[in-house]
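From just these sequences and the hints, can you work out the full model?
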Amino acid sequence: MIGVISYLVFFATVASILAIAVLGLNLQWGNTGLFNGGVVAFFGAGAYGTLLLGGTPQGDHIGGFGLFYPLALLGGMAAAGLLAWVVGILTLRLRHDYLAISTFGVAVAFENLMRNAEGLSGGAKGLRGFERPMREGLGDGFLYNIVFLVVVLLLLWATYRFLETLVGSPFGRLLRAIREDETAARSLGKSPSRCRLTAFVTGSIIMGLAGGLYGTFYAFVSPQDVLPTLTFQIWAMLIVGGAGNNKGAVFGAFLIWAAWTVSGWALSRFAPIEAQLYTGSIQYVMIGLVIVGMLLWRPQGLFPERLVVSQSSRKKA
Amino acid sequence: MMKQKSGRLATKLSTAIGLAMIAGTAAAQDCTTRIGAVLPTSVDWGRPIAETAQFVVEQVNEAGGVAGCQIEMVLRDTQVDPKVGVDAAKALVELDGVQLLLGAVSSGVSMPILTSVTVPGNVMQMSCCSSSTAFTKLAEEGKTGGLWFRTFATTGVQAAVGAKVASDQGYKSVAILYKNDDWGQDLNKLIAADFAALGIEVTAEVAINDGQPSYRAEVTSALAGNPDALYLGLYPNEGTAAVREWLSLGGTQNMIMANSLKSDEFRENVGLQYLGNALGTDTASPRVASADAFVALYKERFGGEPNGPGLSNSYDATMIALLAMEAAGKDATGEQIAAEVARVTDPNGTPVTADASGFAAARDVLAEGGSVMYQGATGNVRFDANGDVSAPAVVWKFTESGTEEVEYLSLTQVDDFIASLK
Numbered sequence: 001m002i003g004v005i006s007y008l009v010f011f012a013t014v015a016s017i018l019a020i021a022v023l024g025l026n027l028q029w030g031n032t033g034l035f036n037g038g039v040v041a042f043f044g045a046g047a048y049g050t051l052l053l054g055g056t057p058q059g060d061h062i063g064g065f066g067l068f069y070p071l072a073l074l075g076g077m078a079a080a081g082l083l084a085w086v087v088g089i090l091t092l093r094l095r096h097d098y099l100a101i102s103t104f105g106v107a108v109a110f111e112n113l114m115r116n117a118e119g120l121s122g123g124a125k126g127l128r129g130f131e132r133p134m135r136e137g138l139g140d141g142f143l144y145n146i147v148f149l150v151v152v153l154l155l156l157w158a159t160y161r162f163l164e165t166l167v168g169s170p171f172g173r174l175l176r177a178i179r180e181d182e183t184a185a186r187s188l189g190k191s192p193s194r195c196r197l198t199a200f201v202t203g204s205i206i207m208g209l210a211g212g213l214y215g216t217f218y219a220f221v222s223p224q225d226v227l228p229t230l231t232f233q234i235w236a237m238l239i240v241g242g243a244g245n246n247k248g249a250v251f252g253a254f255l256i257w258a259a260w261t262v263s264g265w266a267l268s269r270f271a272p273i274e275a276q277l278y279t280g281s282i283q284y285v286m287i288g289l290v291i292v293g294m295l296l297w298r299p300q301g302l303f304p305e306r307l308v309v310s311q312s313s314r315k316k317a
Numbered sequence: 001m002m003k004q005k006s007g008r009l010a011t012k013l014s015t016a017i018g019l020a021m022i023a024g025t026a027a028a029q030d031c032t033t034r035i036g037a038v039l040p041t042s043v044d045w046g047r048p049i050a051e052t053a054q055f056v057v058e059q060v061n062e063a064g065g066v067a068g069c070q071i072e073m074v075l076r077d078t079q080v081d082p083k084v085g086v087d088a089a090k091a092l093v094e095l096d097g098v099q100l101l102l103g104a105v106s107s108g109v110s111m112p113i114l115t116s117v118t119v120p121g122n123v124m125q126m127s128c129c130s131s132s133t134a135f136t137k138l139a140e141e142g143k144t145g146g147l148w149f150r151t152f153a154t155t156g157v158q159a160a161v162g163a164k165v166a167s168d169q170g171y172k173s174v175a176i177l178y179k180n181d182d183w184g185q186d187l188n189k190l191i192a193a194d195f196a197a198l199g200i201e202v203t204a205e206v207a208i209n210d211g212q213p214s215y216r217a218e219v220t221s222a223l224a225g226n227p228d229a230l231y232l233g234l235y236p237n238e239g240t241a242a243v244r245e246w247l248s249l250g251g252t253q254n255m256i257m258a259n260s261l262k263s264d265e266f267r268e269n270v271g272l273q274y275l276g277n278a279l280g281t282d283t284a285s286p287r288v289a290s291a292d293a294f295v296a297l298y299k300e301r302f303g304g305e306p307n308g309p310g311l312s313n314s315y316d317a318t319m320i321a322l323l324a325m326e327a328a329g330k331d332a333t334g335e336q337i338a339a340e341v342a343r344v345t346d347p348n349g350t351p352v353t354a355d356a357s358g359f360a361a362a363r364d365v366l367a368e369g370g371s372v373m374y375q376g377a378t379g380n381v382r383f384d385a386n387g388d389v390s391a392p393a394v395v396w397k398f399t400e401s402g403t404e405e406v407e408y409l410s411l412t413q414v415d416d417f418i419a420s421l422k
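These protein sequences, in sequence, are chains A and B.
Start counting the first sequence at 1; every next residue gets the next number (UniProt numbering).
Start counting the second sequence at 1; every next residue gets the next number (UniProt numbering).
No lab work stands behind these hints: they were computed from the structure.
Don't take each hint at face value.
[Said to hold, decoys possible] Under 8 angstroms between C-beta atoms, here's a sample of chain B residues computed to sit facing chain A:
id : residue
1  : Ser42
2  : Asp77
3  : Val84
4  : Ala88
5  : Ser116
6  : Ser132
7  : Ala293
[To be verified] Pairwise CB distance ranges, derived in the manner of DEER restraints:
id : chain 1 : residue 1 : chain 2 : residue 2 : range
8  : B       : Ala296    : A       : Gly141    : 41 to 49 angstroms
9  : B       : Glu140    : A       : Phe232    : 33 to 41 angstroms
10 : A       : Pro272    : B       : Thr399    : 57 to 65 angstroms
11 : B       : Asn348    : A       : Pro272    : 41 to 49 angstroms
12 : A       : Ile146    : B       : Lys143    : 16 to 24 angstroms
13 : A       : Leu153    : B       : Ser357    : 49 to 57 angstroms
14 : A       : Ala109    : B       : Ser357    : 54 to 62 angstroms
Glycine included, C-beta positions come from ideal geometry on N, C-alpha and C.
Shown next as structure tokens:
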């Protein structure tokens, strides 16, 4: 029984971390209509930034500043924000698929940089030497994972509240206005390009937070963690959950990550022994079917966006 | 020691597990011990590694199982994604209660499993194929808790023997193409240093990324120094593509290959006629019957030679881990199993072969408190304090039907040669 709880805590931690990243993407895509195809670069910047700032010194690369953990995490978020700011200034004039392609390129470049810049990131063998915060007091076991889950859940809740407030504010209305019709927004004297950049950087900082927590949880990050698969996974979570709805984003993260892991577990448990070797491939097919089915029959996601016209109609919420 | 009544029953290997389980529940053995395996079964070269591990489990069950219980290997796919691999490992440890975890292949997956699942959970982890030097460092810092082992000889052996081949062949200059991952980067660094120590000029060190449609740019820059020979630290897929371009651009056919290219696929896709001067290196089987037995067993079971990367390593990893489980006795914890690894790979112990009868022989010796020397598919495997192995080495070349040995270097020769490079 304790094993089941211990696994569920572990599962919930990873799912919550991913949910934070999905919330970040929801601000960019769901609310502002920015097609970010390079989620993993900002996630990775957060992870690498946090581990470099908070780690212990290693012989073969920079970093290991051993910063107080919350500072390291903020540093990771700042790294993601800085990257987003630079990328945003360069690419946000692009629209839709062009933006997607260029941000995807940024993510691939980021992965290759981390793989090759050994002096910066430890290269392909990854970044080690990070001590998880408060490990002395809590040990490495179940208790630690519980405490860590609580911290992650608090941050998830804080992110959720922040975004709900943000999209409910006049600024949120402006973001949606830009998403729906940029020219109309401009005609009202708004500056779409600045708003787009603000939303892009804010969303990326949130992804950086997720990345920082992810790196902290494993006390390790390597270029294998920042492959394009992760971008795809986070997008799948948002699409299934419902773009434009923060509840949907969180729910989608838990649902897709559960599908991803439970299908693997169930196949290993129930598939006949001869089929065991092929469960990996079967799993890919199943996950693909879920997403395609979702797009065909419920493209708005499980929790569709609720359009709020004015403050008064929000009174109940 | 439990008497096995069903030893004969499960002789048909193809149905060994199923039969053994039926036999197990029917009679003396009414228990099953689960072990976990996290391997990239959705990747082409990962599936045979998992098959080989399963094959060992079949044989051990045929020999009566471990500590009187049949072994069930629960296999999970990593998708070469650290998140997925770690989750699978966590599920195996917490939900299936395994005390022994085999895997993973990629160091980038094995490492987070080690730091966030097996070490905190006191579970023994044995990898067939992770090669990163980072594990050695982690073990030196005492952070693996003695729970980590790998049967993949550290890249140092592979690099040293590759350099020896170049020097024996009289090559004065060599260009290096290496896979751009942790293994390839380590290998490149080590072999470039070894070449330098032997006075061989390295004209280019070029990283090859996976999955590119063409490697023309990389190959051209490797050609620029006009080297006597080409060193290939690549896997079959990108190796085939890169070598084809290399040859079509007029590069030399003098090639030295790492063991990862020891594959039929590579030989067929490049063409044997171009590989006449290509020499490969590998960690070797010892000159004992058990190594041949592995090849024979493998051929009988799978109908082909064990030519994929990591197969013999996977075989030995699984077998040693199960021997250690046997030595540790029933219901042993991961720590207890890990502590027994030394007793089943003792150079002064009774030699045992790497098959069902060897396992049965080992059981008798271990039951009397003795120690055994496991003679496996990759040699007389012996782990150092960090869970790393050294091994004898072999130089090989391709033939019509597979590969053929050119030269054999015993463990002492390998160690002496490595020492002479320092």
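Do the hints match the structure? See the list:
no.: 1; hint: Ser42; in the structure: holds (3 angstroms)
no.: 2; hint: Asp77; in the structure: holds (3 angstroms)
no.: 3; hint: Val84; in the structure: holds (7 angstroms)
no.: 4; hint: Ala88; in the structure: holds (6 angstroms)
no.: 5; hint: Ser116; in the structure: holds (5 angstroms)
no.: 6; hint: Ser132; in the structure: holds (5 angstroms)
no.: 7; hint: Ala293; in the structure: violated (24 angstroms)
no.: 8; hint: B:Ala296 x A:Gly141: 41 to 49 angstroms; in the structure: holds (45 angstroms)
no.: 9; hint: B:Glu140 x A:Phe232: 33 to 41 angstroms; in the structure: holds (37 angstroms)
no.: 10; hint: A:Pro272 x B:Thr399: 57 to 65 angstroms; in the structure: violated (38 angstroms)
no.: 11; hint: B:Asn348 x A:Pro272: 41 to 49 angstroms; in the structure: holds (44 angstroms)
no.: 12; hint: A:Ile146 x B:Lys143: 16 to 24 angstroms; in the structure: holds (22 angstroms)
no.: 13; hint: A:Leu153 x B:Ser357: 49 to 57 angstroms; in the structure: holds (55 angstroms)
no.: 14; hint: A:Ala109 x B:Ser357: 54 to 62 angstroms; in the structure: holds (55 angstroms)
Hint compliance for this structure: hints 7 and 10 are not met, and every other hint is.
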